[in-house]
Amino acid sequence: MIIAVASGKGGTGKTLVATSLALSLANRIPVQLLDCDVEEPNAYIFLNPSFNHKETVSIPIPQLDEKKCTYCGNCAEVCVYNAIAVFPKHVLIFPELCHGCGACSYLCPEDALFEINKETGILETGQAKGIELIHGELTIGEAMAPPVIKEVKRHISREKLTIIDVAPGTSCPVVETVKGSDFCLLVTEPTPFGLNDLALAVDMVSKLNIPYGVIINRDGVGDSKVEEYCRKEGIPILLRIPLDIEIARLYSRGVTLVEGIPQWQEAFLRLYNDIEQIAHQTKG
Amino acid sequence: MMKEIVVISGKGGTGKTTIVASLAVLVKSKVMVDCDVDAADLFLLLQPVTQERQEFWSGYKAVIDKDKCTQCGLCQDLCRFDAINDFQVDIISCEGCGFCYRVCPEEAITMQENLSGSWFTSDTRYGPLVHARLGIAQENSGKLVSMVRQQAKSIAEKQEVDYILSDGPPGIGCPVISSISGVNLAVIVTEPTLSGIHDLDRAISVCQHFNVPVIVCINKYDLNEDNSHQIDNYCYSQRIEVASKIPFDNVVTEALVQGLPVVEYSNNSVTQQIKKLWLSIIGLLENK
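Those protein sequences? They're chains A and B, same order as listed.
Per our numbering, the first sequence starts with residue 1, numbered consecutively.
Per our numbering, the second sequence starts with residue 1001, numbered consecutively.
Next comes chain B alone, as it looks inside the complex (with noise of 0.2 Å):
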């Protein structure tokens, strides 16, 4: 039965990407997605060859046409969103919901379909990868993750892999509840800062609201042991796991700037670290 891993963190820049590179080289038998579609890094370290590109429409944008539009103010009136001043429509702001569309008395409002970001697939040589860009000031987020999870799904279950791994984008809003809706398992990368125990305990909320398993990696534990200790008795109180707790060592960043996943950079305690993750996220599946 193949199983489904996210990696998320709801603080961003604790280390989600450098993970699930590590995890693609230990890992045998998988696929790999990108679900941070808005600020997609995983592709920097896995270096993939595209595939396929396709494109990703979504939503609609109002327009108006000047020569129809009798300037009556209904639809700057009526739209919640504030997307229409001065009988202009403000694409940023415009949600798509075609109210305008619909009252315009004059039929002088179009709804016009939009695109939103590019989604591939990709070899690399640990495998394949699906990734997207969402296109800047862009919505639908959360759609857009859904479609490379159900990619990521096909081509998991053509292949016959074990896993999908998956890394989530930072918060807690759409494109994470998209992220981790009906997956096995999380893992949320934290690090002993005040920050990132808040925003650990909102990540861990929403995982609970989705009845999403949960396992905890702490990351650079050493930079604030007193804090790595809280969190190791808060993760207790919920009866969490603490899969592991990576040190705060430079070798990280070393081995991103050779562009290559930690865990084939060097063989310390950090890639230790990592290894003890896989070995918990495996038993705590195969519990399940």
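If we strip away everything but chain A, and leave its shape as in the complex, we get (with noise of 0.2 Å):
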């Protein structure tokens, strides 16, 4: 089973969830556990993981052989990225706005296009706490997350659990991450910006045709409006977490809320059934 832990607004406690949900269930059954937020991954700094696997991630971007070119200027008309302008003389190739489509190679009439590889992030796995983590990251300076988010979930293993922290928000990274999953846990806090973010997350899962469940941070803060939203909408409230000192503190360390207080990992073994429940309730 494919679980994603997504939010909508940034900073709700998706890296907390995925991180204490894959280690209450780790001595059970085998869990993976995907860092996707791959502009910010923050999954590693709570599990100190030993990594022994490092490769690069890359897109093909164009190469001119000039000696082939006629500046013909079919390659600038073909890219809808403008990623290339031809000129008289000269041609003059942009690979920060390229996205390695690889239609101006192809249909280069001369030939004259050639592609390399062009690195935009790291991907590392490794063992932590008896979990497998696969951690993502986009070079900085870097603008597409796609690829290397794709790049991560090639790595998903239908053996095993798989938890994916996913990055806020509700555009292609986000798309990119949540679809193909069995479920989609969102979370949230109790707050106008909680609740607004919620919505489009919402908007985006039922789109997706993705079961999902909410869970609510930092519960005890703000207003009940999240909480009327969910009752309305139908949509389960399967876990809450209390605005606490203890919890926000142990996060800053970077410990876990199941390691830093032990109790939780029943909390979050319940968490783990109700998702299959519901998973396994929308296939049948």
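By construction, these hints were calculated from the structure, which means they are not laboratory data.
Beta carbons are placed, not taken as given, at the ideal position from N, Cα and C, and that holds for glycine.
Pair by pair, the computed Cβ-Cβ distance ranges are:
{"id": "1", "chain 1": "A", "residue 1": "228", "chain 2": "B", "residue 2": "1105", "range": "50 to 60 Å"}
{"id": "2", "chain 1": "A", "residue 1": "56", "chain 2": "B", "residue 2": "1258", "range": "45 to 55 Å"}
{"id": "3", "chain 1": "B", "residue 1": "1205", "chain 2": "A", "residue 2": "48", "range": "18 to 28 Å"}
{"id": "4", "chain 1": "B", "residue 1": "1229", "chain 2": "A", "residue 2": "111", "range": "55 to 65 Å"}
{"id": "5", "chain 1": "A", "residue 1": "87", "chain 2": "B", "residue 2": "1067", "range": "33 to 43 Å"}
{"id": "6", "chain 1": "B", "residue 1": "1229", "chain 2": "A", "residue 2": "130", "range": "26 to 36 Å"}
{"id": "7", "chain 1": "A", "residue 1": "97", "chain 2": "B", "residue 2": "1057", "range": "11 to 21 Å"}
{"id": "8", "chain 1": "A", "residue 1": "259", "chain 2": "B", "residue 2": "1160", "range": "53 to 63 Å"}
{"id": "9", "chain 1": "A", "residue 1": "249", "chain 2": "B", "residue 2": "1160", "range": "45 to 55 Å"}
{"id": "10", "chain 1": "A", "residue 1": "277", "chain 2": "B", "residue 2": "1209", "range": "39 to 49 Å"}
Simulated coverage check for chain B against chain A, where a stretch passes if three residues somewhere in it have a Cβ under 8 Å from a Cβ of chain A:
{"id": "11", "region": "1038-1052"}
{"id": "12", "region": "1098-1104"}
{"id": "13", "region": "1129-1140"}
{"id": "14", "region": "1160-1171"}
{"id": "15", "region": "1198-1205"}
{"id": "16", "region": "1222-1230"}
With the hints as a guide, bring both chains together as one complex.
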């Protein structure tokens, strides 16, 4: 089963939930944690893994063979990302705009464009506290997260429980991450910001047709509108984590909730049971 | 000379919007812009009255004409984004490159322009606000960010205001790069957690990569004073000013629930620290 932990709003506790859920189950079933928040991957901070494998993630970008080029301009016309400009005796390639679609080199009538790999991120895998961790990281200055996310997701093993730590938001990197999951946990907080962004996230998972449930973090702060919204929409609230300075302090030191306060393991096991049930019902 | 200031954070949920909304109260002559087009929240505190709504058409999606398609499979083989399966386009994966459209021997594929969101020009009691809503699963958040920034700039020029205050997105990718490029100053809001420190480091690196000056604000600094101290030392080593340290206080959430910028709701140390932040921002901009 694949469980994505998403949120809409940032900083609501996705990593806290993903790491504690993974650790709670680690001595019962094989678990892997995928950190797909490749712009700001944080799960490793809490898990202290020993990475034993590292690879670079790259996209193919065009390179010009000037001897063959006739400056016909076909490549510039083909490229919808404006990553190539052709002048009478000169070609400019802008790698930061290139999506690596390959159209320019394939369609060049002179075969004057070939592709080289441009590194856009790294991927590391390792073991931590009984969990397999797959960590993706976008290179500073690179704009496009999806190629790195896709590489991380290639490591999904169907023999294991896969828990995915997702980036905040609802745009393309998030959807790229969440699609294909069997269940999506939406972590929110009971504030107007939390509610607004939860509704966006609900819209996203509904469009993807993935069963989902809500976790309210910092329960007790703010107001009851998230709760009312969930009741009205018939969305299950699967877990509440109270606003507690002790929990916040543990988090600040990079200590997972279930390691800092072991009594929480039971709640996460119950959460997993509930998820299994809902996912099963939806399939059935 | 008008100055553009963007508030970013790397890590989400550190308090960007709270700070921008408060600066909106403190700064007299400005236009506000919400560059977090993916999960825009600033409007919740500024209660805008929309003056103008525009559709944001951007990019293309491939469409296969079933009647013309002979299922030769060339498009599926060539698509780098795995967007064509069983001779159907998965519009979520399609990046609109048009490769398939150009190679299809049957001319069975067309590229259709994509409505990816909308953007708004609004009035608030603090001044004009430009904000946007990117559609679910849409790309081109960077382009939409450029669009709202451009719009904010033209309003700012017309009204001859002194500042553009911009609420940035989390992360370090496409929309963040679009939000920070060419601004006069990036304010990075962080929190004294190991995640916050890690993400601050990456946010600073992105700003340095694009030559954007940086000032730092630590929110909830007293949650872990050792970590706050570590942030101080790190910023000192990078010659970056830590302009203010906001204490952890429920008053921030109380104000949010009331739909008010915190500096309008209370005059405690949170407000004092945000005022201090603004003084440092002016100081830094004047020295440049």
